[in-house]
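Asks: Below, each chain spelled out in residue letters.
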Amino acid sequence: MENFIKKITKDVDLSFAILLSFCVYVFFAINIEVFFSHNISFAILERFAVLGLVGLALTICIIAGEIDLSIGSNAALCAVIVVKLTDPLGAPLAMLIGLSVSTLIGVTQGFVIAFIRIRAIVITVGTLMLLRGVALLIAEEKTVMLTDFRVPDFITTKVLMYFSPASLTVIFIFICVGIFMRYTKYGREIYAIGGARKEALTAGIPLRRPMIIAFALSGFCAGFAGTVIGLKSGTAQGLGLQYLLLAGTVAAFVGGVSILGGKGGVLGAAIGALTVNFLNTGLVFYALQVHFVQLFTSVLLVIVIVFQTMSRVFDSRQARKGLLATIDERKTSLLEKKRSALGR
Amino acid sequence: MSAIIENNQLPFSAKFLQFYKDRTLLAILLSLFAVMFIYGIFFTENYLTITNFKAIIRDAALYGIMAIGLTFVTLSGNFFLLSLKETASICGVTFAMGMATGFGSPDLAGNFLVSLLAALAVGVVSGVIQGYFVGMGGNPIVVTLGGAGILYGIGAWWSDNLVINFTRPHDAEWLGTGSFLGLPSITWSFILIAIAAEIVLRHTNFGRKVYLVGANKAAGKATGHENFSMAIIVFTICSVCCAFVAVAFVAQMDSAQSNYFSAEFGSSGDMTILVIATVMVGGNSIMGGYGSTLRTSLGAIFIAMVDNMMVLQGFNSGPRIVGVGLMIVFSIIVFGLFAKGSRAQE
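Residue numbers (this note's numbering), protein chains in the order written: chain A, 448 to 791; chain B, 146 to 491.
Bound conformation, chain A alone (with noise of 0.2 angstroms):
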């Protein structure tokens, strides 16, 4: 517990983000008088299911330097086949055909980076559009819909007060991936090839793998939210999903991820994933408009990124200043030597 308590607090940006969460959080529960109950929390938790997935995603594309902008759309065609063929083969082997499908776009854009080394955010706009042009070919232009509206039930049933399947499986997503990206290999070589891409490389590490297990991840992350949106409301568009790109990099970014990649967590996707949906579920009960709260997310982005590059150019200042103070340190006492040895 010491330890988890330290290293929150030697991280900045961590700590920055669980005080931006307490603060929104509280906010709301001060000026709303059923914000903080069962039935809110639980509705926090099924949009957590859907955000706090895209926001994973893109952690992890982010931590492995890159950044998947394709993620709107890969939720858009995960979600228009899982509807699609939910009713001829039932909800499990659509989910599985959709994942699957989802999966093997990540791994095919991540084999392309590593392959040709071009940036993803190149790539990834060309498959931006791609991905919906075949989303809108396989709806026929059209909404897709279940026929059949209480197929998905059992993805919204009420499990222990809080949770519902689909939010239990994404918490036990997280569990794994947060085991996966700390304690294995090839996690932590998705921080290095971050972090530090040339060294990496030099010391043996290749690109193709980390890059691959890195983007198919976040394909099936956004393969995975389209789906839970999909069978949520029973319906799908293949241009539909564009906003999930601003939120997953709204709750990236207030977890703390550094756009330099090889920095950041699970746990801060988690927080910021959370943040997110403070903001988004108490801005209901304000009955605003949809640009408001595009708006209000915009600013939570801009907010982060002003505390990010201030924090950044403030060390750098501080580390100039160490550095300069150590050769004046440095200067003093040879000049100190040279004058003894003068007066001699």
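A hint or two may mislead.
[Said to hold, decoys possible] Here are a few chain B residues that face chain A, going by a calculated C-beta distance under 8 angstroms:
1) G294
2) Y297
3) F373
4) I377
5) I378
[What the hints assert, rightly or not] Okay, the calculated beta carbon distance ranges per label pair:
6) B:L471 x A:R564: 18 to 26 angstroms
7) B:I173 x A:M592: 52 to 60 angstroms
8) B:S324 x A:A490: 39 to 47 angstroms
9) A:S787 x B:A367: 34 to 42 angstroms
10) B:F373 x A:V731: 46 to 54 angstroms
11) B:F373 x A:P653: 31 to 39 angstroms
12) B:A364 x A:G769: 44 to 52 angstroms
13) B:I173 x A:R564: 39 to 47 angstroms
14) A:R564 x B:G327: 43 to 51 angstroms
15) A:V473 x B:V273: 31 to 39 angstroms
16) A:A490 x B:W303: 27 to 35 angstroms
Rather than coming from a laboratory, the hints here were simulated on the basis of the structure. Even for Gly, the Cβ is constructed at its ideal location relative to N, Cα and C.
Take the given structure of chain A and dock chain B to it, following the hints.
Replies: Leaving out everything else, chain B in the frame of chain A:
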């Protein structure tokens, strides 16, 4: 010095190869053009008509102008903006507000010049603010993603998410629907802006600085051209281009809404992604320092050509987006393979 001598002593074949390699990417683009063109002539009806070519260039003009603005950002090594369509939408709302209500004072209502200046001013302000954050060391993608949400939110809040109309005989008609010597005004502006951008990049001090900072940030900093001022200037140029496109589009539609440029714009989905794709299809290096606005213009015309052909063949929006998306991914991979091993991908 020794490198130059060595280059002179190279055999002719090697020189030829060097020459060819420098121009390979342009050659690929032009041959793709040719293939598409010939395919279009033989397999598409009504393709080889002057009206259709005018339509293609007119389509290309809208996102071509934005893409030319974005090329400055990409060349200077600041990746790209994800807030293009939001900038355009808030500028469009500003322009329509000016045309419809004159920002509260009835004498100014319908005054083209004031509305245009207001729209451009909004573009400048949003560009300067985003450029400031990027210049301070923020990542362009993340900063403009946040900026996009804020700009859209403000635009929607200001216009109350309603369609703002202004009636037909207005001062901006010449820009929206008028034409000059048989070509629409927007096409003329595209041509003029493309030429101006090319001249600025090739033959002015500022243009060379853009290439320098993009090619090597450290060298730029050492010679006194920091990315801070550069980021602000290029972001402003890009935002002003967006504002101009928005004004032309709104003048054509006689109305504006905050989500005019959002999903399902035209036929190929998202305006922002389309513009970024235009820059990439032209083969500009995303890491900066390599490329030109000529490539971007060709890319815009190419995308418009493919899209136009698929429209004439009677495809729905799904296959069309798949077609354009495939083309983008293909060109990115081809250009990536050609640039493999060069400095451009560090």
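Asks: Please go over all the hints and tell whether each is borne out by the structure.
Replies: Quick rundown of the hints versus the structure:
{"no.": "1", "hint": "G294", "in the structure": "holds (3 angstroms)"}
{"no.": "2", "hint": "Y297", "in the structure": "holds (6 angstroms)"}
{"no.": "3", "hint": "F373", "in the structure": "violated (12 angstroms)"}
{"no.": "4", "hint": "I377", "in the structure": "violated (15 angstroms)"}
{"no.": "5", "hint": "I378", "in the structure": "violated (20 angstroms)"}
{"no.": "6", "hint": "B:L471 x A:R564: 18 to 26 angstroms", "in the structure": "holds (22 angstroms)"}
{"no.": "7", "hint": "B:I173 x A:M592: 52 to 60 angstroms", "in the structure": "violated (44 angstroms)"}
{"no.": "8", "hint": "B:S324 x A:A490: 39 to 47 angstroms", "in the structure": "violated (56 angstroms)"}
{"no.": "9", "hint": "A:S787 x B:A367: 34 to 42 angstroms", "in the structure": "holds (39 angstroms)"}
{"no.": "10", "hint": "B:F373 x A:V731: 46 to 54 angstroms", "in the structure": "violated (40 angstroms)"}
{"no.": "11", "hint": "B:F373 x A:P653: 31 to 39 angstroms", "in the structure": "holds (37 angstroms)"}
{"no.": "12", "hint": "B:A364 x A:G769: 44 to 52 angstroms", "in the structure": "violated (27 angstroms)"}
{"no.": "13", "hint": "B:I173 x A:R564: 39 to 47 angstroms", "in the structure": "violated (19 angstroms)"}
{"no.": "14", "hint": "A:R564 x B:G327: 43 to 51 angstroms", "in the structure": "holds (47 angstroms)"}
{"no.": "15", "hint": "A:V473 x B:V273: 31 to 39 angstroms", "in the structure": "holds (35 angstroms)"}
{"no.": "16", "hint": "A:A490 x B:W303: 27 to 35 angstroms", "in the structure": "holds (31 angstroms)"}
Of the hints listed earlier, those the structure fails to meet are numbers 3, 4, 5, 7, 8, 10, 12 and 13, in rising order.
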